[in-house]
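Student: Work the whole structure out from these sequences, hints included.
Under numbering that gives the first Met the number 0, the first residue of the sequence shown carries the number 0, and numbering increases by one thereafter.
Note that these hints are calculated values from the structure, not bench results. Accuracy of the hints is not assured; some may be wrong.
Unchecked claim - Using 30 Å as the maximum straight-line C-alpha spacing, the simulated DSS-like pairs for lysine-lysine come out as follows:
hint	residue 1	residue 2
1	Lys81	Lys94
2	Lys96	Lys51
3	Lys101	Lys62
4	Lys90	Lys62
5	Lys50	Lys94
6	Lys81	Lys96
7	Lys94	Lys115
8	Lys96	Lys62
9	Lys96	Lys50
10	Lys90	Lys101
11	Lys50	Lys101
12	Lys101	Lys54
13	Lys90	Lys51
14	Lys101	Lys115
15	Lys50	Lys90
16	Lys54	Lys94
17	Lys101	Lys51
18	Lys115	Lys54
19	Lys50	Lys115
20	Lys62	Lys81
21	Lys101	Lys81
22	Lys115	Lys96
23	Lys50	Lys62
24	Lys50	Lys81
25	Lys81	Lys115
26	Lys115	Lys62
27	Lys54	Lys96
28	Lys90	Lys54
29	Lys62	Lys51
30	Lys115	Lys90
31	Lys81	Lys54
32	Lys81	Lys51
33	Lys62	Lys94
34	Lys51	Lys115
35	Lys51	Lys94
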Amino acid sequence: MKIAKIVTHFAAATFALTAVNGAMAQSHDHGNHAPTAIAGQETTMSDGEVKKVDKDTGRLTIKHGPLENLGMPGMTMVFGVKDASALDALKAGDKIKFVAEKLEGRYVVTQLAVQK
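Tutor: Shown next as structure tokens:
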């Protein structure tokens with residue numbers, strides 16, 4: 000009889016500790032610590048120099064400084080463009096300000112302004 004009570008109490012205590020441990024694990028989730036965009040927050044435009052305009056493929060090669068919104072250092076790389084008609088006004092050597100975003104796995108220029 001005493002053994003049955005001890006086993007029952009042990010089982011109840013084990014169940015209670017398991018429930019508490021599960022609740023604590025859920026409340027300490029660190030997966031949500033990444034920075035998030037704030038609604039209405041504008042992305043800072045980056046400086047760049049057009050190296051190549053490829054109207055056939057809708058791509059633009061840009062030598063750029065750091066892209067803060069993407070956490071990317073300065074380099075020269077090829078971007079897609081959101082609005083292919085923007086390529087008509089560009090030529091190699093143009094100084095630009097632009098915003099690039101990662102859309103569907105590709106880096107795409109979403110905003111662009113030629114500097115004078």
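Student: Where does the structure disagree with the numbered hints, that is, which hint numbers, in rising order?
Tutor: When the structure is compared with the hints, none of them turns out to be violated.
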